[in-house]
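Here my numbering is used: the first residue of the sequence shown is 2, the next is one more, and so on.
Treat each hint with caution, since some may be false.
[As the list claims (entries may be wrong)] Under the rule of at most 27 Å between Cα atoms (straight-line distance), these lysine-lysine pairs were calculated in the BS3-like manner:
# : residue 1 : residue 2
1 : 32        : 18
2 : 6         : 32
3 : 7         : 18
4 : 32        : 17
5 : 17        : 7
6 : 6         : 17
7 : 18        : 6
Hint data in this document are derived by calculation from the structure and do not stem from the laboratory.
Quick caveat: nothing in here was measured; it's all calculated off a predicted structure.
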Amino acid sequence: MFYNKKMHLRDIAKYKKQYRLRQLMDASTGKIVQELLSYFF
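Please construct the entire structure, taking both the sequences and the accompanying hints into account.
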């Protein structure tokens, strides 16, 4: 199996960026949901 280390490092960086973006989105959607819940209930 051919293993390209540079490619792997780039994939890890890309995954980390996507993970951070997802965390930010989850945080913002969580905030929005909390605001909606506090507004309705």
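Subject >> Hints that the structure is at odds with (numbers, increasing) >> reply: 2
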